[in-house]
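Participant: Hey, can you work out the whole structure from these sequences and the hints?
Protein chains: 2
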Amino acid sequence: MSESTGDTRSRIQAVALELFSEEGYEKTSLREIAERLGVTKAALYYHFKSKDEIANSFILDRIEIMDRLIEWAEAQPPSAGTRRAILRRYADELFGGKRQLVMRFFEQNQTAMKNFSAGKEMRAGMMRLADLLVRPETSHEAQVRAALSLFSVHSTWFAIRDPDVTDEERREIGVKIAYELLDKIGVEVPASA
Amino acid sequence: MSESTGDTRSRIQAVALELFSEEGYEKTSLREIAERLGVTKAALYYHFKSKDEIANSFILDRIEIMDRLIEWAEAQPPSAGTRRAILRRYADELFGGKRQLVMRFFEQNQTAMKNFSAGKEMRAGMMRLADLLVRPETSHEAQVRAALSLFSVHSTWFAIRDPDVTDEERREIGVKIAYELLDKIGVEVPASA
DNA sequence: GTCTATATGTAGATAGAC
DNA sequence: GTCTATCTACATATAGAC
Numbered sequence: 003m004s005e006s007t008g009d010t011r012s013r014i015q016a017v018a019l020e021l022f023s024e025e026g027y028e029k030t031s032l033r034e035i036a037e038r039l040g041v042t043k044a045a046l047y048y049h050f051k052s053k054d055e056i057a058n059s060f061i062l063d064r065i066e067i068m069d070r071l072i073e074w075a076e077a078q079p080p081s082a083g084t085r086r087a088i089l090r091r092y093a094d095e096l097f098g099g100k101r102q103l104v105m106r107f108f109e110q111n112q113t114a115m116k117n118f119s120a121g122k123e124m125r126a127g128m129m130r131l132a133d134l135l136v137r138p139e140t141s142h143e144a145q146v147r148a149a150l151s152l153f154s155v156h157s158t159w160f161a162i163r164d165p166d167v168t169d170e171e172r173r174e175i176g177v178k179i180a181y182e183l184l185d186k187i188g189v190e191v192p193a194s195a
Numbered sequence: 003m004s005e006s007t008g009d010t011r012s013r014i015q016a017v018a019l020e021l022f023s024e025e026g027y028e029k030t031s032l033r034e035i036a037e038r039l040g041v042t043k044a045a046l047y048y049h050f051k052s053k054d055e056i057a058n059s060f061i062l063d064r065i066e067i068m069d070r071l072i073e074w075a076e077a078q079p080p081s082a083g084t085r086r087a088i089l090r091r092y093a094d095e096l097f098g099g100k101r102q103l104v105m106r107f108f109e110q111n112q113t114a115m116k117n118f119s120a121g122k123e124m125r126a127g128m129m130r131l132a133d134l135l136v137r138p139e140t141s142h143e144a145q146v147r148a149a150l151s152l153f154s155v156h157s158t159w160f161a162i163r164d165p166d167v168t169d170e171e172r173r174e175i176g177v178k179i180a181y182e183l184l185d186k187i188g189v190e191v192p193a194s195a
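Protein chains in written order, with this note's numbering: chain C, 3 to 195; chain A, 3 to 195.
Keep in mind that a hint or two might mislead.
To be verified - In silico EDC-like cross-links for lysine to aspartate or glutamate, where the CA-CA straight-line distance does not exceed 16 Å:
(1) A:Lys122 <-> A:Glu139
(2) C:Lys116 <-> A:Glu28
(3) A:Lys100 <-> A:Asp54
(4) C:Lys29 <-> A:Asp54
Stated by the list, open to error - Reference excerpt, derived from the structure (chain C facing chain A, CB under 10 Å, subset only):
(5) Glu25
(6) Thr113
(7) Glu143
(8) Ser157
(9) Val167
(10) Ile175
Derived from the structure by calculation, the hints contain no laboratory data. Quick caveat, the model's predicted, so the values are computed rather than measured. A virtual CB, placed ideally from N, CA and C, is assigned to each residue, including glycine.
Facilitator: This is how it looks when you write it as structure tokens:
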């Protein structure tokens, strides 16, 4: 890191992330990114060797966090308490700060993710996490509840349209509802109404 | 409908829907669609005047169903029973039969939808439906629960990985969990744990 | 580290023969 | 209704000057 390049590189990432999220990865061109930054396309290629690499660069960071979380989760006993703890860490560590923008990008570009190495890894991580939230249960219902609990955290940034609600408030609401879903896993549910 | 063209048109729609869902709308080219059908690109242009129009053509059908549902929902009294009834119709009428593939396409191509007239209409419809599931409540929590209840129906096709589970079974599981979420709207929820 | 210029490919779309 | 041939535009990516 002896280059004074860190700034431009970061600015490219920031602009790319924003455009990729807004209008989709495929539809966003390098010309667009370069123009918004006030540089030429060629400049982008000095910092990243391809368009894919730009996307990968900010996903890799999230994968590292997620892998640590998975590793930790695997070492915990499968219990209601562990489920809550996993989800809490998921919400705090993957959605904390401005990094949540990466999760939104991931969420909104699911099909594009299939073509990235990093994207595939991320998808696999999400599935693994869902599995860890289900065990020791195995029912299909539990699988859906686990997936929905993760999505609960994601959903708050579009389901709550009021722009005055802060990211922290959203996270708390998402976690609360996720807990409700998780707490029904591994418990006999009485047939209702 | 005097042309014997209905068949080719339908085949184009079917193949396009499949490819759009698998690899994304932007990434799928007309060349790909034509090749898989064993025709040339020019043939596609006889049946549709643009790529957009192909996507619009199968979304329009879902919009009609959704608009009828919204219209009906607006005429009902806002109650727990109405919420369940709306969701049940959502699951049955929009996801019934092979038409659920269109909903999956919609789901997986959210960013692309922003550029379609039909896509925007569909998104607006989903939001309107979420609003109808919330009233007369207004809390942010209720908004998230409503959005999640709709997504519960969607989620069953990827959260349940066992391929032997039928579409009908998935729908029932999705609806069951959606009901649980909806039943907490408009009810005092005690602070738990 | 960023530029100009350009290579190369492929996309969506159209004209007009059959 | 489907074809061949082609247009136009823009994409990713590279070479080499500054």
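Participant: Let me make sure I understand: some of the numbered hints might not hold for this structure. Which ones are they, in numerical order?
Facilitator: Violated: hints 1 and 3.
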